[in-house]
Structure formats: structure tokens, C-alpha cells
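*Asks:* Each protein sequence line maps, in turn, to chains A and B. For reference, each letter of the first sequence is one residue, going 0 to 279 in numbering that gives the first Met the number 0. For reference, each letter of the second sequence is one residue, going 0 to 421 in numbering that gives the first Met the number 0.
Misleading hints may appear alongside valid ones.
Across the chosen pairs, the derived CB separations fall in these ranges [as the list claims (entries may be wrong)]:
1) A:Trp50 - B:Ala230: 46 to 56 Å
2) B:Gln123 - A:Leu134: 20 to 30 Å
3) B:Ala143 - A:Ser109: 20 to 30 Å
Here are the simulated DSS-like cross-link-like pairs (lysine-lysine), alpha carbons at most 30 Å apart as the crow flies [what the hints assert, rightly or not]:
4) A:Lys42 - B:Lys167
5) B:Lys328 - B:Lys280
6) A:Lys20 - B:Lys108
7) B:Lys365 - B:Lys324
8) B:Lys108 - A:Lys9
9) A:Lys20 - B:Lys148
10) A:Lys9 - B:Lys82
The hints are simulated quantities; they were obtained by calculation from the structure and are not laboratory data. All C-beta atoms, glycine included, are put in the ideal place defined by N, C-alpha and C.
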Amino acid sequence: MTDDWTLVIKPKKRLLDLDLKSLWRYRDLWYMYVRRDIVTFYKQTILGPLWFLIQPVLTTIMYMFVFGGLAKISTDGAPQPLFYLSGIMLWNYFSDSFNASSNVFTNNASVFGKVYFPRLVVPLAGLTSNLLKLLIQLVLFILVYIGYRIAGVQLPIRPALLLFPFLVLLLAFHALSWGLIISSVTSKYRDLKFLVAFGLQLFMYATPIIYPLSAATGRIRTALELNPLTPIFEAFKYGCLGCGTLSWGGLLYSTVFMLVMLFISLIVFNRVERNFMDTV
Amino acid sequence: MSDIAIQFENVGKLYHLGSVGTGTLSHDLNRWWQTKILRKEDPYLRIGETNDRAHRGNSDFVWALRDINFEVKQGEVVGIIGKNGAGKSTLLKLLSRVTAPTTGVIRAKGRIASLLEVGTGFHQEMTGRENIYMNGAIMGMTRAEISRKLDAIVDFAGVERYLDTPVKRYSSGMTVRLGFAVAAFLEPEILVVDEVLAVGDAEFQKKAIGKMQDVSRGEGRTVLFVSHNMAAVRSLCQRGVVLEDGGMAFDGGVNEAVDYYINGSSLAEDGLIIDSIQKKKSYLDLKEILINGTPANRTSLKPRQEFLDIVIRGTTQEAMKCEVKFIIKKMDGTPMAALIEGQYTGKLLDLPTGTFEIIKHVRLPKYLADGEYLVDLMLHQPYIQNFFVAINCLTLNINGFCDAFAHPLRLNEEGFIGLCSE
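With the rest of the complex left out, here is chain B:
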């Protein structure tokens, strides 16, 4: 027996845009005539276009998914990421048999439980206990199974006191906790999870992610996880699949996949730092911004590089009391290091009206982890105002530092900065 748990083969799904019901009867008749009587190809299958929601296409039909080919091994935890409308949910819907694919085949081994929503089938009038049974049964558990796990479910959800109260009296958070708790105690071979962790308080999110980790690591189950929370994807998954306009854009290690996705979405093409300014005071006119000696939005720090220069040139029609704010972030947006000197020393620059030039000679830590980083650059008066803001204005490639036969730090295992000992 091979160890592949799920196999997608040329899977595609065609959707009809616009309002269903107008013209569908004639399309249905036409399709039936063409395929069943004339034995021709389905006229509507050919004209579908790729799924790019921002551009208007010529066809009423769109491929929400097209040519999806990949395999998931048993026990693997795969994160599926992509922009809104890239086809993530459609993929999960196909897998959970809510709707059928238009082309291709999906093969799977074992019971699939899908969590596309928490608390499916909850009835407002029924009590928490009754709803646990209802929801569990919908997910495919037997009554005996639920009775056995009831205590654990109630305990996990933390709603014991409200167990015999109708769900309509619950707070929305409690409903979600109850729903997730039922799902957490399903024991399927394959678990399909859509963005359900975005709800509940911080304590519960932690609990939920922990439970999913147990399920995948401890119990060796296969998990497909869709989320926009990159930190959750990174911590849960080993492998990442990036979907773009209904097709597969990337398949590989989860860190590479997340980096690919974030790069693709925030810094689409090579440009200039100065073009990424999102907000600016009208009296401020910027001529040039150089970071690390280049105006381009992509640069590299070499090993042993000690300083990074930031140069901002322009003119202002109003005097400014300001300083440069420079933040280095991980690709998922977590800040790693910042230059905000005014905030910790209280000293700000005084720029009079007219032409100005700001040069910051930033000392870099010696031991940096190699990898790609994002940079935010701002000119601000701390806690008062921003003169300009450029979030994600630069991709910084850090080559890391290593001596002779040593190895540079790895960001995810060892952190951004290497400490030194005396």
C-alpha cells in the first residue's frame, strides 16, 4: 500500500457567473442538445477563462480551479494559501464532497472530516448538549461515539455551565468554541480545515492550534489547512501550496510557500522605493530615497557588511520636527528590528523649510540570519504625526554571516540576530 492519502488529478471546477436562473434553462437545453444528441463537446466547457476577479472577461463562465495536480502523503500537514478568490475554498469544497468537480478525479484514503464552518447544523432552540449530538452526527459520528467523548468535548469548549441552555442564549464566542470542540474530537484519517481559527479569543485560538498540532503530529493524521494567518500556517504545516487564479503557483516547503505568497502579493514587480509611499504630507516633496545605496525596492546585505545607509532627499514647504523610522520585518509581517532613535533618546531632527537631505548611517548587528525580509520606512514625529509612510517598500535580502566552515543562522529556528559571548 502506498502512503499517499489524497491525490488530485487534473481537477477543475467551472462556475457560471452572473445570476443563475436567467438563461440557464436555455443553456441547459443547449448543452443537453449538443452533448447528448449531437455527441459534441460541451459548448460551455471550452469557453471558460481563468479566474481573475479583478478583470472583466468576455465569458460568463470561469474556472475557479483548473489543472490541479498534487498528492498528499499520509500524516502530512499541508497549508493552502492564496489571495481571496484564488480557489482555496473551492478546493476544500470539492474534497469535502459538497460539490462535484467539473473535470478530473480526486482520490482519497480514509474518512474525511471537513471543517468548513464551525457548528454546522446548530439549532438555536436546542441546548448545548443536544447541539453537540446534532453537530457530531452531521460530521459523521455515531451517538455512542459522542456520548463517550461528551465530557472531553464539554471540557475542551469550557461551556459546562451552559450545557442545558439553548444555544441562542450563548455568546457568539461560546457557540464557536462548542462547534470547534465537537470537530476537534472527530477522529478522521483526513481533516480538512478552512479558516475557522480566526474566531474565539486568544486563549481559545492557542488551544485550537495546539489541538490541531496534536492531531497531525501525535496521531499521524493528514491535515489540509486553509488560512490567511501566516503564523498559524507556518507553525502547523510542513508543506505549503499557493493557489493563484485557480491554478497552482507554488508547491513546496511551508516557509518558501509563505514567502512566495507574501512576495507575490506585496511586491509584485521590481520598482523604486519611492513608488511604494502610501501616505505623504502635501507640503512634502520627495526627490530621492536610497537604502543601501540603491533607489530600487530590492537589495542585499552582504556578509560582514557593517553599515546600512538610508538617504532621503527632498524639499518641504513647512518646517518639520521629525526622525526616520526604519523597520525590518519577517515576510509574515512580524517586526524583527527597528531604528526609531527619537523614541528612545527623545532627539529629533529640525528641518526648516526648503531643501533637505537626511542621511542615516545605521550600524548593523554582526550576526544576522540569512533570508528575505521586508522593510517599512517612515518619516515621523513620534506619537504625533507621520510625514510619509512606506510600508513594505523594500525587500531586503540578508546573506547571513558565517566564518570559514560555519553556517549562517536560520531565521525560523534560531532567530534574527546571533548573540556573542565574551
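Only chain A is shown next, with the shape it has when bound in the complex:
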């Protein structure tokens, strides 16, 4: 009687034990979490899913007024609404996904405390529901884009645009891995929670969203290029707005950075997952 156990619960397990098989078995739970996120978002609202669009539109108008109108920050020749909308759309995806995964443990403590399922289901569902939101906003972006073209504004469409799915994937996994590390640490030491909200805001300004990378020179530019999100935003703007740069080196750097972080985050997450109920 040695081998017919289907489940062995031990104090320690391997450093990296992803258990993709059971993750796959719980795909319906992933679906339900996505559905829950979407459905509960607009419960008891009159405008319903329209809110997914209203938020970025209002933010874009505000940016046009503050950064474009008052501060006169260049958009490198691209029309302001498109420039800001593209940045906001991608940034929102990153920050929402990051928030979803960085709150995995604290927001779901009551559920995690009662039932076992692969915890990774929850952050992955967060990425997915935010992806749906991104797609809805993308439709808005495309409509505005077409509007500008009809109005006769010259907007290039470059083959680099084909990278879009890859860019989104990169953003998603950057958000996931950073978020998981934060969530693992905050489950025990709450201090970080306060820093994170502030840090995220700061980080937005360190990413070329409201300004083009070309506006920075010297050491500031080097610093911005060290930000692994920079090449992603630049590549998207390069693909459809005609501003920005496509840097293969930068994208490679971003990818490697993401993979290393993802690896670390999964190890940390794995460790915390086992015992976080005792410390949360």
C-alpha cells in the first residue's frame, strides 16, 4: 500500500509546483470568476457596460485639457485624443490586472480559508476579465481612429501593429508577476499595501503614456528605457499613430525581464499559498 494514494498532504513541497493539470481541471471556475467580474461590474447601473467606455473617454478629455492644453506636452504629431486614449487603454489594462493579482490573497481570504482550489485561477481570471474590458475599449479606439482617417488625418498603419497581441500578453504577464509578488508579501506584511498605491501612480509617470519617449533626453531617457513597459507602449504607438519607436532590443529586454519576474513570482506565490491562511 504505497502508491494508490491520490492525494498526499505534506508540510513542504517542491519549490515550483505549478500543477497545471489541476489548474486545467478548474477552468470552469476561471470562467465563473471572469463572468462574476463582468456581471457584478454593472449590476444596478443604468448605463451598464457603457461604463467601460465612459471612464477612458473622460480621462482622455481630462488629459487633453491638462497635459495637452495647459502643460503643452507634445504628442509627437499624433492627434491628442488618439495618443492619450491608446496610452490610457493599455495602462488601465496593466494597472487593473496588477491590482487584481496584487489583491488575490487579501480579497479572497474568506474563500481561500474554506475551500481548496488552485489559487492561480483567481489572478488568471482577473487578467481575462480585464482583457475583455480592454477589447471593449479597443473598439472605441478603432472607431475614433476611423473617424480621424475619414476626416483626412494622415495615420500610418505599420506591420508592427501585428505585434499587438504579443504586446498585450507582455503587459498581462508583467502585471501578473509583479502583482503576485506584492500579494504574497502583503499577505503577511501589510505595510507594502500603502506603498503600492502610491508607487503605481508614480510608475505611470515613468512610462511614456502622456508624453512620447522622444520628449526625454539624456539620463532621463536612459531611465525611461530601463522601464520594461516603455517598449510596449512605444511599439503600439509606432504601429498605428506614426509616433514612437519600435525597439526590438527593448522588446527582448521586456520579455526577458517578464520571464524572470514570472519565475520568481510563481516560486514566492507557491510558498505563500500553502500557509497564508495562518498569517493573513
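Given chain A, work out where chain B should sit, using these hints.
*Replies:* Showing chain B alone in chain A's frame:
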């Protein structure tokens, strides 16, 4: 293939008392230094103490569970009982993989579904239907599986009318019914249930217990059941495990386990009946209480014993209109027989101020079931006042009655009193 479904081997769980987060970073660093760099034993694992919540210990670490060793056979229904904080829930948490053990190994065969709470993951804004899917998915069911069972679940919960209403509009009882209904239609090989039946109305509790019986008896599944409801434990389980301060105190038949637990908790050590008085009028001074000729809180009725004597001696500074109330109960508290003569004849004793002596010569039924019973003794004026109250003041051992080659009655199968025919 052996028929063991779950095996606990030296399982232990250490908890850190006090507030987590103060000093944990330094402890973490120290632990890491000691174990990983110096390759020594974990400094915090040695100093844990047993889990006795009432006494202050010297250590910040406590073993919520320690040295748990037992096996559960396939199809067995095991009740886990113990006082609050004895480690029952921790044990279930380990088994349902909510948290990992500190030492030891648990091995299991088959899918484990744990019901540590009803309606886990219910979202207030979602409708009953959506929540059935959500909750089912959390428990490990697939969508197809839930769709197949949806009608049965809704029917069992009895909430059809509210199916498309958000759960926040439900009464708390309805939420619980819905949650339990989903869980009832899981089909795991091993079902782990924590005190969830304490909610819902009487009709639903009956339904829930019935469902659990079907699951265990009819479908041959293994069930681990934690509850403080001894009647439910007795009716559901075959085997009982008693936990005490994180360790195993008893493992055996469910009736013995329940008796062990109740004895252990209500009559801790041998004492006197008079010491178990919980309430007393200040003008009343009791000198002596004898039941069955002894002042001790433990006595036996022999076979063929026809009478039981109750003697109460004392003094009172106020006149009392009273009578003796004497109740024999099962170990789980169910009353079996009572002497409350004033209540059915209306005649009470008149005790003037001063010294008194009450002697009751109680005729016993001839055929009593053997076993251990608890006794309550009171001096009261029916429906008006109690002069003294002594709940669980005596453990009465009844040896039962049998003639020649016959057998005494068994309490749980045949009842307390044997009837005679002419």
C-alpha cells in the same frame, strides 16, 4: 488495494500566538539563518506547547494539533468531537488543504470536498442561479455537471421562486439552504463537513441530516463530520474521535466517544453532589445530599434494585413550599425519566424555618437499560421558583436488568425502560 480512505501520520500544526506581523520578520530571518545556513533544527518548532487555551503558557507558539495518527476506512462515517479549540477545525482545514501541516503526512484516496462553510464565494449581487454555478465551481464541479443537477439543487433548497433574484435579497436561512444544496450534490469520494447544520430551520436540518445519511450509507462515501450536536453525531456516525488540547483523547465507537466527551467535560473529577450546585437561595443552607446512599457524584444501580433514596438535609431561614425534582438524562442531555410529583399531583412540601430533612423513596422501573446516565437535582416550587439547582450533579451507572441467560436492554436500540406484558 487497501480499503483505507484517509491516513493521518504524526500530523501536527504549530500556530504563532499574538499578533502576526510584529516580530515575525525577525523570527523569519532567525529561522532562515538557523535552518538554511547553520543547518540546525528549526528553533520555533521545539518550544511549542500543547494547546490549552485557558492557561497562559510561556511560549508564543502553540501546537493546535499534535501527533494525530489515525486511519479512516472507505465508507466510514467518523464524528470528530471536542471542546472549542480542541483542534477539530484545524484538522479539517489541513484535510481540505486550506493550510499545510507543520509536521506529518496526510494521505487520501479520491476527491475530497470540504464543507467548512455553506455558500463559500457567494456574491451578494449575483442571482441565486449564478451563485449556484459560482459556488459549485469553487467546490470543484464543472459547469456541465452543475447544469445537470441544477433542478435537483433548486428543488432541494426550495428557492425556485427566488432563483433569478440577487442573493442579497435572500433571508439568511435561504442563503444557507442554497449553499448546502449545492454541496449536497457534490459527488466526492470523501466529504468533510464542519458544523454547518446548526443553521436553517428544523425541517431543513432534518433534510440535511437525511441527505448526509444517504451519502454515507447508500452511496458508500467516506464522511468526516465535526459537530457539537451530539444527537446528530450519534445518528450519523459509526465511529467517534475525541480531540482534547490538540491531541487524540479517544477513538472508538460513536456512543463510547460521545459518552467519553460528555463525561470529560461535565464531570471532570470525582466529587460530591453538593459541590455541583449551580444556584441556591441565600437563606438556604444545605448540610448534606445523598442519592442512593452516597454523597459522591458517582453511583451505581444494581440489577433488581427496586428503590432509590434521595436525602436532602439542611436549614432554611425562610419557610419554603417546595418539592424535589429529579431527572435522569442520557449522556447527550436527552431527559429519560423524571420525578416531579408536585407537578402532576399538586401536592407540595411545607418546610417551616429551621432544620429540615427531605427523604424521597423513589420506586424504580424494573427493566432499565444498562449504561451511564446523568442526573439533575432541584428543589423547586413548580413554575414559580428554584430553591437550588444542580444540573449534571451525578453520574448514575445503571447495570440493567436481566434474568438468568437473558440480556439487559440497550439504550440506543431499545430505550430506557422495558415494558412488561400480562
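*Asks:* Starting from lysine 42 (chain A), check that the Cα of lysine 167 (chain B) is at most 30 Å away, please.
*Replies:* Judged against 30 Å, a Cα distance of about 12 Å means the pair holds.
*Asks:* Check whether the Cα positions of lysine 328 (chain B) and lysine 280 (chain B) lie no farther apart than 30 Å.
*Replies:* holds (25 Å)
*Asks:* Alanine 143 (chain B) and serine 109 (chain A), beta-carbon distance inside 20 to 30 Å?
*Replies:* holds (27 Å)
*Asks:* Verify the CB-CB distance for tryptophan 50 (chain A) and alanine 230 (chain B) against the hinted window 46 to 56 Å.
*Replies:* Distance hint for tryptophan 50 (chain A), alanine 230 (chain B) holds at roughly 53 Å.
*Asks:* That 20 to 30 Å hint for glutamine 123 (chain B) and leucine 134 (chain A) (C-beta), does it hold up?
*Replies:* Roughly 27 Å apart at Cβ, these two residues keep to the hinted range, so it holds.
*Asks:* Hey, lysine 9 (chain A) versus lysine 82 (chain B), does the alpha-carbon distance stay inside 30 Å?
*Replies:* Cα-Cα ~26 Å, so holds.
*Asks:* Take a quick look at whether lysine 365 (chain B) and lysine 324 (chain B) sit within 30 Å of each other, Cα to Cα.
*Replies:* holds (21 Å)
*Asks:* Measure nothing beyond the straight line between the CA atoms of lysine 20 (chain A) and lysine 108 (chain B); if it is 30 Å or shorter, mark the hint as holding.
*Replies:* holds (18 Å)
*Asks:* Holds or violated: lysine 20 (chain A) and lysine 148 (chain B), Cα atoms, limit 30 Å.
*Replies:* Holds, at about 25 Å.
*Asks:* Given the hinted pair lysine 108 (chain B) and lysine 9 (chain A), is their alpha-carbon gap at most 30 Å?
*Replies:* holds (15 Å)
The structure shown violates none of the earlier numbered hints.
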